[in-house]
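> Here is how the chains run, residue by residue.
4 protein chains.
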Amino acid sequence: MTTPEVHMEKEIIKYLSAQQCSVQWRAFLEVFSQELTQQLTVTNLRGLMRRSGERFANQHPLPATETIAALQEAINVVWRSQNWGGASIVEDGTRLIIKHYLSPLQSGMPEGATWASGFLEGVYEQWMHQSGADLSLHVTQSRLADDLGTVEYSFGK
Amino acid sequence: MTTPEVHMEKEIIKYLSAQQCSVQWRAFLEVFSQELTQQLTVTNLRGLMRRSGERFANQHPLPATETIAALQEAINVVWRSQNWGGASIVEDGTRLIIKHYLSPLQSGMPEGATWASGFLEGVYEQWMHQSGADLSLHVTQSRLADDLGTVEYSFGK
Amino acid sequence: MTTPEVHMEKEIIKYLSAQQCSVQWRAFLEVFSQELTQQLTVTNLRGLMRRSGERFANQHPLPATETIAALQEAINVVWRSQNWGGASIVEDGTRLIIKHYLSPLQSGMPEGATWASGFLEGVYEQWMHQSGADLSLHVTQSRLADDLGTVEYSFGK
Amino acid sequence: MTTPEVHMEKEIIKYLSAQQCSVQWRAFLEVFSQELTQQLTVTNLRGLMRRSGERFANQHPLPATETIAALQEAINVVWRSQNWGGASIVEDGTRLIIKHYLSPLQSGMPEGATWASGFLEGVYEQWMHQSGADLSLHVTQSRLADDLGTVEYSFGK
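Chains as they are written, first to last, in numbering that gives the first Met the number 0: chain A, 0 to 156; chain B, 0 to 156; chain C, 0 to 156; chain D, 0 to 156.
Everything labelled a hint here was simulated from the structure, so no lab data went into it. Possibly wrong hints are sitting among the right ones.
Intra- or inter-copy, both count: the list cannot distinguish identical chains.
With a straight-line Cα cutoff of 20 Å, these simulated SDA-like cross-link-like pairs (lysine to any residue) come out [what the hints assert, rightly or not]:
hint : residue 1 : residue 2
1    : Lys9      : Ala69
2    : Lys13     : Ala68
3    : Lys9      : Ala73
4    : Lys156    : His137
5    : Lys156    : Leu136
Here the structure is a predicted model, which means the values were calculated and not measured.
Only chain A is shown next, with the shape it has when bound in the complex (with noise of 0.2 Å):
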C-alpha cells in the first residue's frame, strides 16, 4: 500500500523532472526526434549526438584545471549556465565516474530515445581530451537513467 508520504514524494519527483526542460522545447524535440528515428539508424544518430556534443565542448572549453574537484567545478559553471543541470565525479580505480543528474535532453527526448545519451559522452570525451587526456580512453554510459534522470558516464579504457 501507498503511504501518502511516499506519493507526495513521487509527485515532486514528476514535478522537478517535468521542470528540467523548457515547455518551449519539448512538444519540438518529440516529433523532430521521431521523424529522424524514421530517416537514420539508432547507430547514425548516436554518432550524430557524440559529434554534436564534441562540437558543444569545443565550443565551451574548460580552464586548466589541477584536481578532480576544480575540473568537475568548471563542468557545472558551464552547466549552470545553461540550465542543463550538474555533475559529479569521482575517481574509481584507473577510471573516472561522471554523473550528470537533471539534464534537459534526459527529461525532454521521448522515452526510446536512448542515442541521445550520446550527447553527454561526446561532451564529456572532447572536455577529458581537452583537459590532457590519453586519446585511447573514451566516456561511455556504465548506467541507465534513473528517476531523476541521473546518468552515470565512466571514463577509461
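Position chains B, C and D against the provided structure of chain A, taking the given hints into account.
Chains B, C and D alone, transformed into the frame defined by chain A:
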C-alpha cells in the same frame, strides 16, 4: 548618422529576439543543426522539418472554426501555450497569408539553417488540411524572416 | 565522513531549490523584503502576506469538488499554471494537513523572512472557506520548511 | 480603420510586453501591491522602492568606467544577467537621460502602481553616486512608460 534613438531600438529588437529561444536550448540547437547538415542534404532536412511539423499538428489538433479570425485564435491558443510566438492570418484573393512572429526556431537556429522554417510549413499545411482544405493546396514560405523573426507563409495552389 | 553520493544529493537539492524561484525576481525580492522589515513589524508583514493570499484565492477560485483528492487536484491545477510547486492534502482526525512543496516564495525570499509563509496560509484558508468550511476554522503553519522547501500547514480549530 | 498589419503589430507588442515578467510572479505582485497600497501611502511606497533600488545597486556595484558608453555597457551587463531589460544613456546638456526598456517591474506591476518606478530611480541614483557623481544630483522619472514599457529617467540637479 545613427541617432541614439535608433540605436536603442536596434538594441531592443536584438534583446527581444534573443529572448524568444530559451537559453537552455540555444547552444544545443546550434551544434546539433551543424552536425545534421554534415549528415543530410538541405532538401532532406527541410523534409524532415516539414514532417515533424505535420506530426506536431496531429498531436495538437485544432477545434473546428467557422471564420478566419476564429481559426487564427485557435492557432494562437496552441502557440501561446508553448511560448512559440503567434500568427496572423489574412485572405489575399484565393490565398491565405500566414505571418508567424517570434518563433523560437527562427531565433534559436543558426542563421544559415533556412531549412528549419520547413517546420512551420508542415504545421500550417496539416492544420489547413485538418480544417477540410483541399489536399492539393500547399503552404510555402513566401518571405524571409524580418528583424524580429516574422516569417510569411502562403497557403493556396 | 560525507560520501560522494551524499554530497551529490545535497548538490541536487541545492540546484533544484534555487531553480524554483525565477532568476528575474530573486534579487528584487531580497532587497524589497529587507526594506519592508525596516518599515513594518513582523506581525504587520505576516498579516499583509495573509491578506495578499486571500486576495489571490479570490482571484483564482476553485471549482466545487466532492473529495479531498479532487480538491487537491483542483488546487494543483492552479499551482501548476503558475509554476508555484504543488500541494498534498491528507486528513488527520478532525484536521487537514496540507503540505506545499517547492513554492517559489520559499526559495526566493531571504532566509529570515518567515512572515512570507503567511501568503500560503491566506490562500489555503480562503480556499477552504470558499469550499464551505466553517469560518471559525483556520490554517496555521505546523512545520518549518524542509531542505526542499516543503512547508506543512494545518487546517482546523 | 485598422489594417491587419497594424493589428498584428499591436499583438506583437502585447505578446512581448507580457513576456517581460515571469508568469510565476505576475499574480503575486498584483495582489501584494494591492495590499501594500492599503497599508502604506503612495509616498511611503515610492520611498520603499527607492531604498530597495539603492540596496540593489549596493549589492551589484558597477566597475569603474571612463565613458558614458562604457557606463551604459556595465549597467547592461547587470540587467542582462537578471532578465531586467536594458538601458540607453545619452548626455543632454548638463543632464543624463536614462531610458530603461523592458523592465519586468513595468509589465509585472498593476497599472496604477506608478510608485513602482521608484525602484529604478533608486538603482540609477546610487550607481551614479558610486561612480563619483555629486551627491546633490538626483535621478527623477521624466517620462511615463510607452507601449513597450520604456521609462525615461533624468539625472542632474
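> Decide, hint by hint, whether the structure agrees.
Tested hints:
1. For the identical chains of this complex, Lys9 and Ala69 are inter-copy neighbours only, at 18 Å across copies versus 34 Å inside a copy, given an alpha-carbon limit of 20 Å.
2. When the C-alpha separation of Lys13 and Ala68 is checked against a cutoff of 20 Å, the pair qualifies only between copies, where the shortest distance is 18 Å, while the shortest distance within a copy is 30 Å.
3. For a Cα distance limit of 20 Å, the shortest separation of Lys9 from Ala73 across copies, 18 Å, qualifies, whereas the shortest one inside one copy, 32 Å, does not.
4. Proximity of Lys156 to His137 under the C-alpha cut-off of 20 Å is restricted to the intra-copy arrangement: shortest distance 6 Å within a copy versus 54 Å between copies.
5. Proximity of Lys156 to Leu136 under the C-alpha cut-off of 20 Å is restricted to the intra-copy arrangement: shortest distance 5 Å within a copy versus 57 Å between copies.
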